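Protein chains in written order, with this note's numbering: chain A, 1 to 242; chain B, 1001 to 1242.
Please note: incorrect hints may appear among the correct ones.
[As the list claims (entries may be wrong)] List time: in silico DSSO-like cross-link candidates among lysine-lysine, alpha-carbon distance up to 30 Å:
hint, chain 1, residue 1, chain 2, residue 2
1, A, K43, B, K1070
2, B, K1070, A, K8
3, B, K1169, A, K240
4, B, K1008, A, K8
5, B, K1194, A, K169
6, B, K1169, A, K194
7, A, K169, B, K1008
8, B, K1227, A, K159
9, B, K1070, A, K169
10, A, K42, B, K1070
11, A, K159, B, K1240
12, A, K70, B, K1042
13, A, K149, B, K1159
14, B, K1159, A, K70
15, A, K70, B, K1008
16, B, K1240, A, K169
17, A, K227, B, K1159
18, B, K1043, A, K70
19, B, K1227, A, K169
20, A, K70, B, K1169
21, A, K159, B, K1149
22, B, K1043, A, K8
23, B, K1169, A, K227
24, A, K8, B, K1169
25, A, K194, B, K1159
26, A, K159, B, K1070
27, A, K169, B, K1159
28, B, K1159, A, K240
29, A, K8, B, K1042
30, A, K194, A, K240
[Stated by the list, open to error] Partial list, computed: chain B residues near chain A (C-beta under 8 Å):
hint, residue
31, T1029
32, Y1162
33, D1166
34, F1167
35, M1174
These aren't lab readings, by the way, just hints derived from the structure by calculation. What you are looking at is a predicted structure, and each value in this text was computed from that prediction instead of being measured. We put the CB at the ideal spot given by N, CA and C, even for glycine.
For reference, the chains in residue letters:
Protein chains: 2
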Amino acid sequence: MAAITDYKFRVEPQDIDFTSRVRLSSLITSILNTAGQDADNKKFGVVDLNTANHTWVLSRMAVELDLRPKQNTEYLVRTWVSDWERLLSTRNFTLRTSQDQVFAHAVTQWAIIDLESRRPVNLSDHSIDGSGHIADVPSPIDKPTKLAKINPTHTREYKVTYSDIDFNKHVTSMSYVKIALDMLPIEIFESDAKLRLDIHFLRECLYGQTLQVECELMNDVALFEIKNNDGNVAFKASFKFL
Amino acid sequence: MAAITDYKFRVEPQDIDFTSRVRLSSLITSILNTAGQDADNKKFGVVDLNTANHTWVLSRMAVELDLRPKQNTEYLVRTWVSDWERLLSTRNFTLRTSQDQVFAHAVTQWAIIDLESRRPVNLSDHSIDGSGHIADVPSPIDKPTKLAKINPTHTREYKVTYSDIDFNKHVTSMSYVKIALDMLPIEIFESDAKLRLDIHFLRECLYGQTLQVECELMNDVALFEIKNNDGNVAFKASFKFL
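Working from the sequences, and respecting the hints, build out all of it.
This is the structure in structure tokens:
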């Protein structure tokens, strides 16, 4: 099976925002579904890890977006793994329309954890072996960067509900992104400017928790932190116009 | 073009809940996307109405669900219009898996409104004519029923954010359903019982508004009301185990 593989998507009615263009959170859903599907197809996905009582966990993510396609646009997500290290595997993405217009790139970094201890597991000597599926193609954009400390300009509380959670009753990656981006002034989404999103997933938030959502809004950059019930930072992100 | 038409869907990773089965809100999204697509294909959809500065508005909906399929299940949504009256058109749905197992039915009632006045428009002498696409097949379940007055057992405030709105900055049908169902105790979604949902869409809620969400939880029935900024009821629903 080729190390570089394409997966097909379409911007559906529920994916667009008030500007009639696809939401960032919907693109991130396509990117993460591609990761899951590709790893499963190549026999190092969650299905195979679960037999060892392990699973993949998304640690960091960076997305650069040149434009947001409109409803009904068909697009391809191309994905390949470029690194398979002791603690992290790096998976890359290039998004292009069916007219071959590249409109986004992404880099994700993944850890394997033990489902019981919730602790990281060594990838390099793991029984599942993704290293045979590595493409010698560098990441298309800078890897997820360090995020500055935040001095919040506005905050809100967010109660985790049924709609926010996955099969584990943990908040989904997409929900964190929605909760963060919903802090921005809506006019920001009218912009056509290129943008970059950096995300760190640090801890798991659970059903029923009341999260503290903090946003620091500056010129062309916004920083976000989401804290769980115990006041620990669970999610950090930066949204930047390029 | 046949009056009865099938549209294909699949339960994607983002569609499932903590029980690993499709969320009701995701099925409703498929049902409403089918309605939009089918009406457009048959030349009486929003695309054609917009040329007369009119649009379709969903007024009432009923769904009966026998079971909730799991992730990756492929399913067909069959749709047909059974009534084209002065103020309302009735569109019906039957959902079946690709193994031909019927698992849900739905009935929706739609009005045409003028985009400027937001007032209803007469369907029977409208320049777009859906009456040629009526199938002489009755609705598969009872039409949306009257909903009893609610005596709330619990309430919450809900601030409308960017993620909740459509191209008009109005709250989407799917968001109302999510906001309502998120009021239920989560154990309800573990049940395998058949259920029925009745929904009335009464007014439009807008970006930035703080909604009052009310729920009356009884044995096997829950009633919901969502009120807009002015205290007027915008959404009513009932959720009932059958």
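- Which numbered hints fail: Result: no hint breaks.
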